[in-house]
Amino acid sequence: MSAVRSVVFDSVSVGDALPELAVDVTPTTVVLGALASRDWRPMHHDYKFATERNGVADIFLNTPNQAAWFERFVTDWTGPTGRLGRMKFRMKTSVFPGDRMVLTGKVTGTETDSDGCGWVTIDVALTVGETVASTCDVRVALPNDESDNPWSRRGETWKP
Amino acid sequence: MTADGSVSAATTVADVADDVPANVREMVGKPMYAQTATFPVERSYGYNTLAATQNANPLFWDDAIASELTGGITLQPTTLSLWMRPHYWEPGAVGEQVALKVHFDLKEIFGLPEAVMTDNTIIFHEPVRPGDVISNQQVLKSVSGPKTTKLGAGRFWVIDVEFHNQDGVLVGVESYTGFGYKRETGESK
Numbered sequence: 001m002s003a004v005r006s007v008v009f010d011s012v013s014v015g016d017a018l019p020e021l022a023v024d025v026t027p028t029t030v031v032l033g034a035l036a037s038r039d040w041r042p043m044h045h046d047y048k049f050a051t052e053r054n055g056v057a058d059i060f061l062n063t064p065n066q067a068a069w070f071e072r073f074v075t076d077w078t079g080p081t082g083r084l085g086r087m088k089f090r091m092k093t094s095v096f097p098g099d100r101m102v103l104t105g106k107v108t109g110t111e112t113d114s115d116g117c118g119w120v121t122i123d124v125a126l127t128v129g130e131t132v133a134s135t136c137d138v139r140v141a142l143p144n145d146e147s148d149n150p151w152s153r154r155g156e157t158w159k160p
Numbered sequence: 001m002t003a004d005g006s007v008s009a010a011t012t013v014a015d016v017a018d019d020v021p022a023n024v025r026e027m028v029g030k031p032m033y034a035q036t037a038t039f040p041v042e043r044s045y046g047y048n049t050l051a052a053t054q055n056a057n058p059l060f061w062d063d064a065i066a067s068e069l070t071g072g073i074t075l076q077p078t079t080l081s082l083w084m085r086p087h088y089w090e091p092g093a094v095g096e097q098v099a100l101k102v103h104f105d106l107k108e109i110f111g112l113p114e115a116v117m118t119d120n121t122i123i124f125h126e127p128v129r130p131g132d133v134i135s136n137q138q139v140l141k142s143v144s145g146p147k148t149t150k151l152g153a154g155r156f157w158v159i160d161v162e163f164h165n166q167d168g169v170l171v172g173v174e175s176y177t178g179f180g181y182k183r184e185t186g187e188s189k
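Just so you know, the protein sequences line up as chains L and P, in that order. Mind the numbering: the first sequence is residues 1 to 160 in this note's numbering, read in order. Mind the numbering: the second sequence is residues 1 to 189 in this note's numbering, read in order.
Bound-form chain P, shown alone:
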C-alpha cells in the first residue's frame, strides 16, 4: 500500500533491462488504457464460473446468506477481471478484441508472436456486486532482458491492473507476469 492507504499496485518495483528500447521505457509506470466497462456486472454471468468450477459456496447461491454476510448479492472474487474483458465481437470492432492491451503491445513491439501468463497476483478489496460498472487501467511495471525457456526465446514482463467500481471505490488489483516468446522451431504463424 502507498502512504495514503491506497493500493497502487500488486507489485511495486519497476525493473527494466538495459536493452529495452526507449518507447517501452516510456510506458513503464504510466497508467495506460483507462477504460470503463460497456456493460454492468451481471449475476447470471457469474453463475458460469460457479458452474465451471462446481463451486457450491452458498454465499453465491443463497440470497439470504449473501444478504446476511455481505449486505447483498456479491460475485465470487476471482471473477474480478472478467467484468473488464471485451466482447468477442461488437459492431464496429476491427480485429481481435483483447483485455490486457499492454501485453499485446509488448508482443508487437518486441516481435514476439506467442505469449503465456506465468504468474498472477490478485488482491481483493470491496466486493463486486450486480449492477456495478467497473473501470480499470493498466500499468507496465517491468520488462526483462532476453530469456530462453522450454517454450522459446523472449522476455518476461509484469503488468498491474487496478479495478474500481462506479463510485471510485477500489475493488481489486491484479498483477500479471507474461512471457512473450518466439518458438525455437521458428514456426510462428
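Same shape as in the complex, but just chain L:
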C-alpha cells in the first residue's frame, strides 16, 4: 500500500485525544460552506433574513457544512484509510462569523466487528469560547494493520 500516513486500529486506546482544530469563522466560511453543499437557504448568506426572520445574531454555519468540518477533523487524524461509518451530531447553538470554533475529540470506544473490521468511536465537541455549540459522535473504521483497508469492505462486510 502507498506510504500514506494512517492510524491503525491497534494503536488506538480509549481516552486518546485527537489533535485540536481551531478555525476563525468568517462570513466567507459560512457562505462558502453553504453554497458548497448546495444549500441556498437565506439564513446562511443573508444577514437581514437571519437576524430579522430567524431571530439569530448573524448568518450561521449550515448543517451539511458542519458535517464536513467534523469529517475533516476526524480524517485529519485517521489519514485517508480511515473510513467514516456514521456520525450523529447535535447543534445546540449556532456558529456565527467572528466565532473561533475549536474542535476537540476523544476516543470513547474501540471494537472489532464480526467481519474483523476495527471500529473507533469518538466524541467530538465544537466549542466557541466556553460554549459547546455542537457535539458529534463519530464511528470510523481504521485499518487493522498496514495491509488492511476499510475501503475494501463492501455489502454485508461493511457494518457502519
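Everything labelled a hint here was simulated from the structure, so no lab data went into it. Because the structure is a prediction, the values reported are computed rather than measured. Just so it is clear, CB atoms sit at the ideal spot from N, CA and C, and this is done for glycine as well. There could be a bad hint or two in this list.
[Stated by the list, open to error] Some but not every residue of chain P turned toward chain L, in silico, with C-beta under 10 Å:
| hint | residue |
| --- | --- |
| 1 | 49 |
| 2 | 54 |
| 3 | 76 |
| 4 | 96 |
| 5 | 117 |
| 6 | 120 |
| 7 | 121 |
| 8 | 169 |
| 9 | 172 |
| 10 | 176 |
| 11 | 183 |
[As the list claims (entries may be wrong)] Covered stretches of chain P (chain L as the covering partner; in silico rule of three or more C-beta atoms under 8 Å from a C-beta of chain L):
| hint | region |
| --- | --- |
| 12 | 62 to 70 |
| 13 | 77 to 84 |
| 14 | 124 to 136 |
With chain L's structure known, arrange chain P on it following the hints.
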C-alpha cells in the same frame, strides 16, 4: 438495520404526539417524494466542500491514492445530501426550490414560518463516485407536541432520507431533527 440487512432508517421509532392532526399522522412512516437527481455526481463540485473546510485528505486530491484505496475516484462522504439538492433556479421552476420537502410541508401545515435543524445523523454505505446518479426518498418518523425554546414556540420533527445510486445500491441514510417555530416576538414575515 432491518432483518433483511437493509437499513430502513437512521431512526426507527415512530412517535407522534396526541394533538397531531390526521393529515400529518397519515404522513408518518410513509415514503414520500421519491426522486432522482437531475444531474450526476460531479467531482469538481466536491472540491467546493474540500475548499470550504480546507480538507487536505489525499483520498480526494490524489487519484493514485483514491484508486488504490477505494478502486477509483470517490467523493467525501459528508457531501451525500448535496447531490439531491435542487438548483436554486431552473426553467419552469416556480418559487423556492427546497431539498427536504417534508420539512417545509410540516412548517406550512402547522403554520410555523421559521425552522432550524437541531440534530443530524448520517450513516455512510457504498462510496459515492463521479457519474453516479443518486435517488432518495423522505420518511417522516416523528412529530412532537408543542414545545417552546429560546427561539420560539413550535414543534420538533424527525425526517429520515435514504439515498441510493443508479444501481439501487444504498449509499447512505440521513436523519434530520427539525424545529419549526413561530417567534415569540410575533414578527414573522
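Status of each hint after checking the structure:
no. : hint       : verdict
1   : 49         : holds (4 Å)
2   : 54         : holds (7 Å)
3   : 76         : holds (6 Å)
4   : 96         : holds (8 Å)
5   : 117        : holds (5 Å)
6   : 120        : holds (5 Å)
7   : 121        : holds (4 Å)
8   : 169        : holds (9 Å)
9   : 172        : holds (9 Å)
10  : 176        : holds (7 Å)
11  : 183        : holds (5 Å)
12  : 62 to 70   : holds (count 5)
13  : 77 to 84   : holds (count 5)
14  : 124 to 136 : holds (count 4)
When the structure is compared with the earlier hints, no violation turns up for any of them.
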